[in-house]
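Taking the hints into account, I'd like the entire structure generated from these sequences.
Residue numbers (this note's numbering), protein chains in the order written: chain C, 1 to 698; chain Z, 1 to 395.
Since the hints were derived computationally from the structure, they do not count as laboratory data.
Bear in mind that the values here come from a model prediction, so they are computed numbers and not experimental data.
For each residue, glycine too, the CB sits at the ideal point set by N, CA and C.
Hints may contain errors.
As the list claims (entries may be wrong) - Derived, one-sided and incomplete: chain C residues facing chain Z with beta-carbon distance under 7 Å: (1) His20; (2) Arg22; (3) Leu24; (4) Ile35; (5) Thr37; (6) Thr77; (7) Ala214; (8) Asp215; (9) Leu217; (10) Glu218; (11) Leu221.
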Amino acid sequence: MYATPLDLPDFDEEVVTEAHVRYLEPRGLGGRAAIITLDNGFDHTKPSSFGPGGLKNLWRALDEVEAAEDLKLIAVTGKPFIFLAGADIKLMPLLESREQGLALAQAGHAVYKRLKDSAVPTFAFVNGTALGGGFELALHCHYRTVSASAVGLGLPEVSIGLIPGWGGSQILPNLIGVEKAAQVIVGNPLNQNKMLRGTDLVPLGIADAQFEAADFLEESLEWAVKVASGELAVERAAIDRESWPQVVAGVRKLVDEKVHNASAAAVRAVDLLELARTASFEEGSLAEDEALADLEVGPQFQASIYAFNLVRALGKRPEGAPSPGLAKEIGKVGVVGAGLMAGQIALMFARRLEVPVVMTDLDEDRAQKGLAYVRAEIDKLEAKGRASKLKAAKLRSLVSASADKSVYGDCDLVIEAVFEELKVKQAVFAEVESLVPEECLLVTNTSGLSITAMASGLAHPERLVGMHFFNPVAVMPLVEVIATESTDAATLSTAYAVAKKLKKTAVGSADRPAFIVNRLLGRMLAEVTGAVDAGTPVEVADVALDELGLPMRPFALLELVGLQVSWHLCQHLNEDLGPRFPLSENLRLLAEADFPVFDAEAKGKGRLTEAAKSLVKLGDEASSAEEVKERVLRGLAEEVRFMLDEGVVPSAKQVDLAMIMGAGFPFWLGGLTPYLDREGISTAVSGRPLALGEAVDS
Amino acid sequence: MNDTIRDVVFVDGVRTPFGKAGKLFEETRADDLIIRCIRTLLRRNPGLPPERVDEVALAATTQIGDQGLTLGRTAALLAGLPRTVPGYSIDRMCAGAMTAVTNVSAAIASRQYDIAIAGGVESMSNHPMGEGVDPNPRIIAEKLVDPEALNMGNTAENLHDLFPSITKERADAYAVGTQQRYAAAVERLTEDITTMAARSDEGWTVATADELPRPGTTLEGLANLRTPFRPHGRVTAGTAAPLTDGATACLLADAETAAELGLPVAMRMVGFAFSGVDPETMGVGPIPATEKALARAGLTIDDIGLFEINEAFAVQVLAFLDHFKIADDDPRVNPWGGAIAMGHPLASSGVRLMTQLAREFAEHPEVRYGVTTMCVGLGQGGTVIWENPNFKGAK
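As structure tokens, this is what we get:
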């Protein structure tokens, strides 16, 4: 489209990465070496990235070194801790047309190709983070070294709705074989966007040598000199080209099973991996350009960028949180209850806050049993190397248990994790309040009971706040933070500060039934079970949402949550929110069954046993899968509208963040509301979109 | 209890390229410089199990910032030595690394250690001389030391006053000679210079050579240089060691352990001495230190076949040579050039002298003994006498 990348239009918003060139004469090379340093002028907290300006700088640097005399080696490296974090993600939403996207894709290819086609040997010294376009730059070099301490390596494009389009999809499978390449390009991005570490690259065959960070550049150069001078021959394992088609077929099946082909990017990435077997580099590049240009202007990428920025920005600075300056110091934590959830919470607080944590239960026996569970978990952490010997010893010294609630006498925060029953919780807080200091926070981990009702009997209701953790608490990244009308700013600020220390993403919710995530999942299940009650076979209703690519089908979710808990939630929502949450007869039947409802052979898949199937009573109004999907989506759009109108959350963004972090809703839906708005469902249900065109500051 | 003294041997020594202060290594951390030296030493001596190192003694004159935090310990950890290896920091201004060597050697000789790493570093870019000093007011009130003696250039001018026969012309001629000797020996010196990454606004480079030498130096070129320490003085930038960034490190062991591990023996330590002199003429320090060391070793100056004397200033070397009646251009003295050419990163230079002497020993089997000696700010001198294991003559 343009004669050279130098003709690309610039973006004012680009933080331009420089490509500095320095020459040196290493011993043994018999000529000069050029080191190109990619550096945007900021420290490692602002990683270098490439837009048109950065690409042009590398282009000019390559012009310069190609003209240099007596050059025997070209090496590319980055500023401390960062090689290159890839194409500048901030610029992509600014691409106004498919042509613009195509031009940027082509420009990347044009620049990087020069490293691949260089007559002088080219080396990437991957000193640190190398993502996406940064990783691809390294792949174009003839040889690669990597720092053992590098973190944040890989090709995460598929996770944000793109494909590795600057050569990654074509070079990587031909370098390390399609199976490992598919893992890097498709598997890892769909697996919570798993990144590679420096020590992974040589075993994968991506880097040729690994050196320690202490003198990475010096040792890389010494190695490169040996390679360039012919003293050292680099050997790479041959790849298996025979099995290529079978591997690709397997990856296709995996993408289908995992996300039901809902991710357009994943599907395109697999197509490109297939193409890479036979395509010339030029053909492959053209296919990458086209795929990238298609995806960049497609709805999934827009939604993904929205979700990416949401997680990054709101994850760090929760909306609606009072000033962090108001937060109180937490020096000791009490946990009421010593059951499974209480033990998990106690361990999490001890690990992250590193303060004493006391658990209590009704008698010494239960308390010690709870403590034994926590200690066993600490042993596991130590055995897996996730806690050092010293850290494990510290954790053991921090967590204690007792039947005597006077241990709460010097706590700064007491959290209850007792049975989900309002009267029980009220009784707990009444007793605890009489024991704790006046400044002590009272926290409930309820998943949906009225916190206002819990506060009603307290002398100091202003210090009660909800922190709803998700099971398993150590793994799930979300916590819903719930203030009542009475909760004061210091208490709420402390809750957010604690959430941050616990490394959780906090989303604020008003004290409304089931808060955010459980309310929406509850509505989703209500529509699915409603469709079954009306006459839709389970097999049809269960796959109706497949094309959204949710992490779990509805019946798998029921299996995970548990039928009794789901039935309990269903009743609770019906009582509080009315007939939108009907009492599903089939859910009741399954929950009350005295035999296994889910097939143990297919654990986690939500497959009903034959006995359970015969229990299900179908009405005479069967729906098609398409109709069930429509029903569920309309239900969700209606529910989000109610939540916004009730003030459960101040904006749709909060819903999306909660669904991404708490329910694993995918980036390509933008969580939930961008999809509902885009498909016109929100407007069809309530006359207007859910989002008010609000942008997320990155 | 075994109370016999053991032989201490110098196994190997390395240094970074020396950079001009404010230039090559301005953006490079001092600890990174010495970490690179330690790692290079370990790589060059694969027979040494790192856990066998009993001590890491590192010197810096200004022990703050990247030269602080008990550099010997932090650099050992950062260099990747096992956590079981201890370390400490040490300071005797310019003789810091030399004192690190004599300290650990004394402990090796007396069977407290088997193997030790000693070295020094100075980033004069980031820690200029006198940074953060707080001289006691009694120094002035009681006239204990002329305050001008805190500036080394002034003490060099004082030496010219004290020894009128050492003229500016002699100093210039000496400086031209040391530049020429360096230029002739640069290939051999490079054997012990490790490469070192350096970053600047222009990106990364990997330094492979000293930045400071001026191989084309002539008498005419030196004649008209400014005398920054005194109007119409005699000391110029051409006859003084420039402000320098760099680090050194060496490996010392007792002779038996070296043999057990198959480590090379480059030099055997004979003895050492430190001596105090007037701070105002600190440059004469090497004279009494050398006399003291020779006397204790039962040697005379005539037994010494090679001298590595630190060239803080040409005048101070000439004062030493005059005292011992050695010619200005005696080929035994700094045969591969000295600090005037390659630079003097204060606390690191002591080990640089030793590393150079070790290489020269290998080329001179007719020489049995050599000295490394240097002057020290506030009026001190330090000398270490070494024996050449390659000596082929009659003992």
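Right, here's what the structure says about each hint:
1. Among the interface hints, the one on His20 (chain C) holds; its C-beta lies about 3 Å from the nearest C-beta in chain Z, closer than the 7 Å criterion.
2. With a least beta-carbon distance of about 4 Å to chain Z, the hint placing Arg22 (chain C) at the interface is held under the 7 Å criterion.
3. Against a cut-off of 7 Å between C-beta atoms, the interface hint on Leu24 (chain C) holds, since the closest Cβ of chain Z lies about 5 Å away.
4. The restraint placing Ile35 (chain C) at the interface with chain Z holds, with a minimum CB-CB distance near 5 Å, inside the 7 Å limit.
5. At its closest, the beta carbon of Thr37 (chain C) sits 3 Å from a beta carbon of chain Z; the interface hint therefore holds under the 7 Å criterion.
6. Hint status for Thr77 (chain C) relative to chain Z: holds, with the closest Cβ pair at about 6 Å, below 7 Å.
7. For Ala214 (chain C), the shortest C-beta to C-beta distance to chain Z is roughly 6 Å, which falls under 7 Å, so the interface hint holds.
8. Nearest Cβ of chain Z to the Cβ of Asp215 (chain C): about 5 Å, under the 7 Å cut. The hint holds.
9. Among the interface hints, the one on Leu217 (chain C) holds; its C-beta lies about 4 Å from the nearest C-beta in chain Z, closer than the 7 Å criterion.
10. Interface hint at Glu218 (chain C): satisfied, since its Cβ lies 5 Å from the closest Cβ of chain Z, which is below the 7 Å cut-off.
11. This hint holds: Leu221 (chain C) has a C-beta 5 Å from the nearest C-beta of chain Z, less than the 7 Å allowed.
Figure legend: structure checked against the earlier numbered hints; every hint is met.
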